[in-house]
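Protein sequences, first through last, are from chains A and B.
Heads up: the first sequence begins at 1 in the working numbering, then just goes up one per residue.
Heads up: the second sequence begins at 1 in the working numbering, then just goes up one per residue.
None of these hints come from the bench; they were simulated from the model.
It is possible that part of the hints are untrue.
As the list claims (entries may be wrong) - Straight-line distance between alpha carbons at most 25 Å, and here's what the computed DSS-like set of lysine-lysine pairs gives:
id: 1; chain 1: B; residue 1: K41; chain 2: A; residue 2: K104
id: 2; chain 1: B; residue 1: K20; chain 2: B; residue 2: K66
id: 3; chain 1: B; residue 1: K42; chain 2: A; residue 2: K104
id: 4; chain 1: B; residue 1: K14; chain 2: B; residue 2: K66
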Amino acid sequence: DAKTTQPPSMDCAEGRAANLPCNHSTISGNEYVYWYRQIHSQGPQYIIHGLKNNETNEMASLIITEDRKSSTLILPHATLRDTAVYYCIASGYNQAGTALIFGKGTTLSVSS
Amino acid sequence: GAVVSQHPSRVICKSGTSVKIECRSLDFQATTMFWYRQFPKKSLMLMATSNEGSKATYEQGVEKDKFLINHASLTLSTLTVTSAHPEDSSFYICSARRDRLNYGYTFGSGTRLTVV
Numbered sequence: 001d002a003k004t005t006q007p008p009s010m011d012c013a014e015g016r017a018a019n020l021p022c023n024h025s026t027i028s029g030n031e032y033v034y035w036y037r038q039i040h041s042q043g044p045q046y047i048i049h050g051l052k053n054n055e056t057n058e059m060a061s062l063i064i065t066e067d068r069k070s071s072t073l074i075l076p077h078a079t080l081r082d083t084a085v086y087y088c089i090a091s092g093y094n095q096a097g098t099a100l101i102f103g104k105g106t107t108l109s110v111s112s
Numbered sequence: 001g002a003v004v005s006q007h008p009s010r011v012i013c014k015s016g017t018s019v020k021i022e023c024r025s026l027d028f029q030a031t032t033m034f035w036y037r038q039f040p041k042k043s044l045m046l047m048a049t050s051n052e053g054s055k056a057t058y059e060q061g062v063e064k065d066k067f068l069i070n071h072a073s074l075t076l077s078t079l080t081v082t083s084a085h086p087e088d089s090s091f092y093i094c095s096a097r098r099d100r101l102n103y104g105y106t107f108g109s110g111t112r113l114t115v116v
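Assemble the whole structure, with the sequences as input and the hints as a guide.
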């Protein structure tokens with residue numbers, strides 16, 4: 001799996017957009033970019049994933065650069081409940097037996 | 001959506017005893033499930049890959065005789081911590097993915113194991 005680099009922490013005001021960056025400069029062509037978050041003492045929660053195109057769902061948007069070497073997760077209107085550790089993972093998708101390998105992630109703190 | 005149920009959520013056991021943790025995919029079948037361990041304020045560490053009907057694949061440094069994994073059906077994998085010691089105290093999390101495209105990995109809610 002490609003290694004990813006994320007800032008260790010970020011702050012965001014409630015109601016504002018939270019933009020979480022991730023570098024994955026060694027990503028290969030068949031590796032997807034996954035985003036998960038983990039709230040204290042819970043299992044990771046799936047947010048979004050993508051390969052090349054930008055993706056959007058009810059939780060967030062994922063912007064992947066054209067060269068796929070970096071991406072940004074956007075939470076459009078952050079709330080206090082979005083305070084969590086956010087993990088960006090680049091992983092091969094085609095093999096069902098491929099596990100996700102977690103890095104250190106970004107601790108996002110949303111404050112009122 | 002895909003749901004993975006993990007039980008128990010918390011368990012306290014005495015040193016030397018064994019503890020079994022269950023991971024069930026409730027609304028989908030998973031030929032492969034994954035087990036992770038997480039220490040306080042640390043990231044998830046992959047322990048093993050559980051394959052239905054065959055032996056689990058353990059990551060380097062994980063003792064397979066201490067952490068027994070059984071994947072008896074397409075919806076159930078179990079992790080048994082044998083002869084537990086205080087250093088085995090940790091947060092254990094399982095994960096599974098539908099064997100179809102366009103689905104992410106779903107994680108259980110985790111099990112907090114405390115060995116006293």
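Evaluated hints:
1. B:K41 with A:K104: holds (10 Å)
2. B:K20 with B:K66: holds (12 Å)
3. B:K42 with A:K104: OK: K42 of chain B and K104 of chain A at ~7 Å, within 25 Å.
4. B:K14 with B:K66: Holds, because 15 Å separates the two Cα atoms, which is no more than 25 Å.
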